[in-house]
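Asks: Please build the complex by placing chain B on the supplied structure of chain A, with the hints as guidance.
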Amino acid sequence: MSRQSTRLDTKKVNSELLTLTYGALVSQMLRDFESVDDVNKQLDRIGFNMGLRLIEDFLSRTGSGRCLDMRETADKIQLAFRMYLNVQPTVSNWAASSDEFSLIFDTNPLTEFVELPADYQQLRYSSLLCGCIRGALEMVQLEVQCWFTQDQLKGDATTELRVKFVRRLEDAVPAGED
Amino acid sequence: MTICNLYIFDKYGTLLYYGEWNRLKHSGITKDEEAKLMYGMLFSIKSFVSKISPMDPKAGFLHYKTNKYALNYLELPSGVKFVLNTDNTSTGIREFLQTIYSKLWVEYVVRNPLWTMGTPVTSDLFEAKLNEFVKQSPLYGSKII
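Sequences listed follow chains A and B, in order. At position 123 of the first sequence the residue is numbered 123 (this note's numbering), and the sequence of numbers has no breaks. At position 135 of the second sequence the residue is numbered 1135 (this note's numbering), and the sequence of numbers has no breaks.
It is worth saying that the hints were derived from the structure and are not from the lab. Incorrect hints may have been included.
To be verified - Straight-line alpha carbon distances no greater than 25 Å define the calculated DSS-like cross-link-like pairs of lysine-lysine that follow: (1) B/Lys1103 to A/Lys76; (2) B/Lys1068 to B/Lys1103; (3) B/Lys1129 to A/Lys164; (4) B/Lys1068 to B/Lys1036; (5) B/Lys1031 to B/Lys1051; (6) A/Lys76 to B/Lys1036; (7) B/Lys1031 to B/Lys1058; (8) B/Lys1036 to B/Lys1046; (9) B/Lys1103 to B/Lys1051; (10) A/Lys76 to B/Lys1081; (11) B/Lys1058 to A/Lys76; (12) A/Lys11 to B/Lys1129; (13) A/Lys12 to B/Lys1103; (14) A/Lys11 to B/Lys1103.
To be verified - Residues of chain A placed beyond 10 Å of chain B at every Cβ, according to the derived structure: (15) Asp75; (16) Ala96; (17) Trp147; (18) Gln152.
Backbone N, C-alpha and C define an ideal beta-carbon position, used for all residues, glycine too.
Chain A with its partners taken away, still in its complex shape (with noise of 0.2 Å):
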């Protein structure tokens, strides 16, 4: 791509706002669904929803090309969530295969506020963001798998989010081509 980082002007707005959105919404879910798992699910699915369309805004900001491999794919994914959250997650724990990666989050300003009752242990309370992660990246036909290993809201030291790769989507063939 031939033009690099054009600087669109950006409207910032408090984190607390959205933070305190945020948590509003699961709020709401867990008093409409009553059941932690529907409640983790549908957080999953939003953040797919969203992700499908952040990609769009993510490529026109950076004007970034195609990954050639999952190391370029999570620096892309660690300067996303420095643009949309203001955080700077670390990336590490590589496997072997360097297919499956880690975000290391210091802070994570979705949780910031937020204590988990004893009784909502299981709740993913970020699971947007996973969600969001593998909704982006299938818009880039990369097929991804992603959940939380750690987690502040539980008591680790830190959030954890795992991302591994499945495989490549391939590209649409028109209808009727043979």
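Replies: Leaving out everything else, chain B in the frame of chain A:
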């Protein structure tokens, strides 16, 4: 300098948007058929270019020219494809298409929650903004000779 028409496809080959400005000759088939034909040709050219290239192709297929017009092609990593037909003398079309993508497509289509992904764009706002943008661009001349 003139702009003839613009096709926007998604990665499955659905025609998301078609815009027309200075088009002097029509194909005589329906818009849907024309879009299918166009997408099929692009698909073939793309695989042809990547197979036949003697060097590792980075960007792949970018444009072709006939004696009357030039077809310019921009594909984003997300699979959205912009196809713009212009006359032969126009330059800087790649940047022009990039701007359509980042300033208009993302802004007025992708961020519009009323648009379902993978369906044709019906937004009047997008159409109006696109028309305005095309018409004030230096690429938009008066008529083809």
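Asks: All hints, please: hold or fail.
Replies: Hints, verified against the model:
no. : hint                   : result
1   : B/Lys1103 to A/Lys76   : 21 Å, holds
2   : B/Lys1068 to B/Lys1103 : 29 Å, violated
3   : B/Lys1129 to A/Lys164  : 40 Å, violated
4   : B/Lys1068 to B/Lys1036 : 22 Å, holds
5   : B/Lys1031 to B/Lys1051 : 30 Å, violated
6   : A/Lys76 to B/Lys1036   : 34 Å, violated
7   : B/Lys1031 to B/Lys1058 : 32 Å, violated
8   : B/Lys1036 to B/Lys1046 : 15 Å, holds
9   : B/Lys1103 to B/Lys1051 : 33 Å, violated
10  : A/Lys76 to B/Lys1081   : 22 Å, holds
11  : B/Lys1058 to A/Lys76   : 19 Å, holds
12  : A/Lys11 to B/Lys1129   : 21 Å, holds
13  : A/Lys12 to B/Lys1103   : 18 Å, holds
14  : A/Lys11 to B/Lys1103   : 15 Å, holds
15  : Asp75                  : 15 Å, holds
16  : Ala96                  : 27 Å, holds
17  : Trp147                 : 24 Å, holds
18  : Gln152                 : 31 Å, holds
In summary, the structure is inconsistent with hints 2, 3, 5, 6, 7 and 9 from the numbered list given earlier, while agreeing with the others.
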